[in-house]
Each structure stands twice: as structure tokens, then as C-alpha cells.
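Novice: From first to last, the protein sequence lines are chains A and B.
Mapping the first sequence onto our numbering, position 99 (from 1) lands on 99, and the numbers just tick up by one.
Mapping the second sequence onto our numbering, position 80 (from 1) lands on 80, and the numbers just tick up by one.
To be clear, the hints were calculated from the coordinates, so they are not data collected in a lab.
A couple of the hints might just be wrong.
To be verified - To give an idea of the interface, some chain A residues facing chain B are shown, with a C-beta separation under 7 Å as derived from the structure: (1) L39; (2) N56; (3) F60; (4) G107; (5) G109.
Every residue gets a Cβ at the ideal spot worked out from N, C-alpha and C, and that includes glycine.
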Amino acid sequence: EAGVTQSPTHLIKTRGQQATLRCSPISGHTSVYWYQQALGLGLQFLLWYDEGEERNRGNFPPRFSGRQFPNYSSELNVNALELEDSALYLCASSLEGPAGFYEQYFGPGTRLTVT
Amino acid sequence: GNSVTQMEGPVTLSEEAFLTINCTYTATGYPSLFWYVQYPGEGLQLLLKATKADDKGSNKGFEATYRKETTSFHLEKGSVQVSDSAVYFCALSLQGAQKLVFGQGTRLTINP
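So here's chain A without its partners, still in its complex pose (with noise of 0.2 Å):
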């Protein structure tokens, strides 16, 4: 079974410009989180989409925003670059749950460098 995927594994933009990044659930995972692992900070929650909506989001600026494909994939664009962007933003996907709550099973991750 494949796992989560994601695309590109790095990425370089310039200050002010947009970034897309790409997730690909595993087969039957109808949730996708993001998450932005930046040096220093830890890891944090982004956003959460099910069935094509965005369900809960975390403590981000709104140039941070995404969506879920019919097929459940799922991009993050994140507008206006800001140096401190620069980050590892990573991917996970569950079964559908907010009555209770499925493993996150994570990709690899996109490496965003802003210069």
C-alpha cells in the first residue's frame, strides 16, 4: 500500500511570491492535515480538510490556505512569501474522524525555502 506522498520534496521561491505544495492520502484516507515544521518552532498545525472541506485550521495568517480534491488530494498555497515561511511542511492523512480520532500517517514533506 503506498503511503502518503507529496510534491515537490523541495521547493525554492523569493520573498512575495506563491508557493503550491502537493498531498497525495493514502488509498481510502479521506483526511489531510498539514503541518509546518519550522527550525526552532516545533511542529504546528495548519489545517485540516474532510471531504472536501476545511474543518479546522491552526494559528496562521490567511495568505496560508489549501483545499481537498474530489479524489482527496490535496494542496497547501501559501501567497505573499515571508522569509520566516521557510520551513518543512508535512503532509498527513486518516480515516475520516471527528467523532474520535484516526492515526495520522504522514509523507515525507515539502521543503520550502524562501529566499
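Given chain A, put chain B in place with the hints provided.
Specialist: Chain B only, in chain A's frame:
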């Protein structure tokens, strides 16, 4: 708010040493608790979990017990190996919220 505090690293041990990585939490409600491991160049993997007080999670020789009275979930292993070198994250999740709240991570290096 909800938060997780981990023992600061890095931690360096010799092979076959006993390992403890401390983790305490603050949560509104009754969280589920997790330990994730991140090997170099890889994403996070769930190592073990516990969903209620006094539960013990275990996997690959690692153990952690959910202690509600001390709000702790310390990770232990009796005899570490070089292959255990990684970054370990303690995390919690509250039912319905789904998101994981992580500690800062502890980098563990095991020397042969």
C-alpha cells in the same frame, strides 16, 4: 490552552543504555497521547499511543504510560540501539479537534 512540554535535547547515549525522555502535557479535557519518531530525512512515524489514563503504549521495545495524576507520558526503552537515533516527538490530540499538538522534539543520538 493545550500544550506539550518535552525534555530538552539533544540526548546522547551509548548503545544498550536505558532511555527516558520526559513529556508532560496541559489539556482541556481528556487527550489521547502519542509518541512519534522522525528518522533522518523521513517523515513522522507513530511509535506508540495511549488513549486513556493508565494505558500503556508499547512498540519496538519502547513504552510509555498515560499518567493522568502527573499529566505525563514519559518514553522509556531498556536498551537502546544505534538504529534508535532519531528525533522523538510527544503529542496530544483532543477528541473532535483531530489536530495533533506536538512538543518541541528531542534529538536522540546513540553511539556504538
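Novice: Going through the earlier hints one by one, which of them does the structure break, listed in rising order?
Specialist: Result: hints 1 and 3 break, sorted rising.
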